[in-house]
Every structure is written in C-alpha cells, then in structure tokens.
Amino acid sequence: MNSLGAALLTDVQNDVLDEVLVGVPYNSASQFHEYFGTRAAPPRFGLSCAWQSFAAGRMVAERTGVTAEYLIDGRHVAAVYRGPDHVVVLDPYLLHSEPLRLDRSAAADGAVRVVVDAYPYRVRADGTPAPGRVRATWTLDDDVIRLDYLRFSPRRGHNVASRSFVMRPGSRLETVPPPADWVRPLLVHPEQHSVSVRVLHPGTRQLAELILPLAGRPAGIAEDRSLLITKDNQGAVAAYGEAGFEQNLDVVADAVAAPRDDVIAFLLEAAAIHRAAAPAGLDLAPYSLEDE
Numbered sequence: 001m002n003s004l005g006a007a008l009l010t011d012v013q014n015d016v017l018d019e020v021l022v023g024v025p026y027n028s029a030s031q032f033h034e035y036f037g038t039r040a041a042p043p044r045f046g047l048s049c050a051w052q053s054f055a056a057g058r059m060v061a062e063r064t065g066v067t068a069e070y071l072i073d074g075r076h077v078a079a080v081y082r083g084p085d086h087v088v089v090l091d092p093y094l095l096h097s098e099p100l101r102l103d104r105s106a107a108a109d110g111a112v113r114v115v116v117d118a119y120p121y122r123v124r125a126d127g128t129p130a131p132g133r134v135r136a137t138w139t140l141d142d143d144v145i146r147l148d149y150l151r152f153s154p155r156r157g158h159n160v161a162s163r164s165f166v167m168r169p170g171s172r173l174e175t176v177p178p179p180a181d182w183v184r185p186l187l188v189h190p191e192q193h194s195v196s197v198r199v200l201h202p203g204t205r206q207l208a209e210l211i212l213p214l215a216g217r218p219a220g221i222a223e224d225r226s227l228l229i230t231k232d233n234q235g236a237v238a239a240y241g242e243a244g245f246e247q248n249l250d251v252v253a254d255a256v257a258a259p260r261d262d263v264i265a266f267l268l269e270a271a272a273i274h275r276a277a278a279p280a281g282l283d284l285a286p287y288s289l290e291d292e
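Heads up: the sequence shown at position 112 corresponds to 112 in this note's numbering, and the numbers run straight through without jumps.
The set of hints was computed from the structure by calculation and includes no laboratory data.
Think of the CB as a built atom: it goes at the ideal place given N, C-alpha and C, for glycine as much as any other residue.
Do not rely on the hints blindly, as some may be mistaken.
[To be verified] Distance ranges between label pairs, derived from CB positions:
{"hint": "1", "residue 1": "Gly216", "residue 2": "Pro84", "range": "45 to 55 Å"}
{"hint": "2", "residue 1": "Gly244", "residue 2": "Ala61", "range": "39 to 49 Å"}
{"hint": "3", "residue 1": "Gly203", "residue 2": "Pro259", "range": "12 to 22 Å"}
{"hint": "4", "residue 1": "Pro84", "residue 2": "Arg124", "range": "39 to 49 Å"}
The task is simple: from the sequences and hints, build the whole structure.
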C-alpha cells in the first residue's frame, strides 16, 4: 500500500472507530433476539461486543477495500489490520478513543506497547479528568496481542483493570458472522450474567448503561423490571425507580433514539429468551451493585 493509501486507511479507521463508539452501542441483548428470537435487533439499539468489531471491519472495508482479520479470545473478538511493519486493532467494546497502532520499530525487549485514552472520561474527587486506558502489547516472537482495559474507579481513586483479552494468531474467525450453531452456546455461557445496553452519548460523550442482572430473577417478565439498574458516567449505580435511574435511562433512550419503554422492553424480552434457552441448572454469578 502506498503512503497515500496508508494515510487514507488510517483516517478511515479513526472515523469508523468513532462512529461505532457513538452509533453502535454495546448491547448484549441484541444477539439473543437475533439468534433465539424472531427478529434482528434494530441497528440503533446496538450490538454485542463481537458484532461491534464486525461492524467496524465492515465499515472500513466498504470505504477502503481493506479487510480485517478477526481474532478471538473466548467470546470476544477484535478487528486486526496487519501492515508490513505494524498492526492496528479496532475493538469498540473496549471504548478506546483512537485505533491501537503498534509499530514494530517501537519494540523494546521483544514487545511493542501502546496506551491510549478510553471512555468513560471520569472525574477525580479534586475535579481533574480521569480517562480510562486501553493498553495493547504485541509480543513479536509469538505474534500475540494482549489488550487490557483499565478505567478509573472513583471509589478506589485510581484506574483498575476491568477487562483483559489475549489475541493469538491461530485463534482466527474464518466466517463472519460465525454460524448460528457456534453462536448460540456462547450466548448462554455462565459469563453472561446480565443483559445490558451501554451508550456513549453522541452529544455529551458521557457513558450510561441500563442493566438487567440475570441471576435470581423471578419467573415473570413483569417482575424483572424491578431488578433493572443503571450506571452513570462515574460508574454510580441507581436502582429502578430512583431519580438517578430515571436520569440515566433518559441518556440511554436519547442515545439510541427510542422511547424509554422500548429500551426496557428490549432487555426484558432478551432476559425471557435467555431463560428459555439456558441449559438446566445454569449457575450465574450475581451482578455487583457496588458503585465503581
């Protein structure tokens, strides 16, 4: 690829990442509707983490003709682009604010390391900004890429590790999206202990999340509504009916351009689908209700 082509690809990767962050929210309920339900989710409601990466890769390919390889760790997928002397990673689920570019020339002790800011951009007690971080490490001898997501915890006063994934060159998806028979068991994996929609509001760049824990739910869908919680940009939890819940729900609904009741119904229906599809005796961990 010539320098002009490389510059164009870089610009497109930057643009696409930002568009997915604000326009394709993380929504762990969407694939329940698609793979166990009767319809695909409305695009504005968002997609689960792997499908966010698929969306980013599709958008880059449509604009440049350059295709990504999709590396997988468990239930997580990142879009990876390889150049002759670098790799670029797009992983919208990890909320990094710019593509993760790892240049071979920057290697030290056999590895290339880069750290970029990530959402949410929180605030410390003294009022100073406290963005999240994504740390990427590419070890050259085995071609493994490790991604660590750290976000600021107001309760602890420092950044804490939230997610870590290891992308190995041999763990590559050959079919995108994967076959339904491959997807369905992953959706009812014990790690899936909630359904949620997490938005980065396009106007304020504030994070908000509506969450329905899946452990210990009553049998009826209507009763599930009382178990709903939200989180705001600072990671503060609000229970159903509290003022903070209503405020956070408004942010979520506005970001996905849908009525509040429609967003709630989407999660409630996904929870009902999960109940019907989950294997007997599935043991789910309770969802933490602590402020971050």
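ask   = Which of the numbered hints above does this structure break?
value = none
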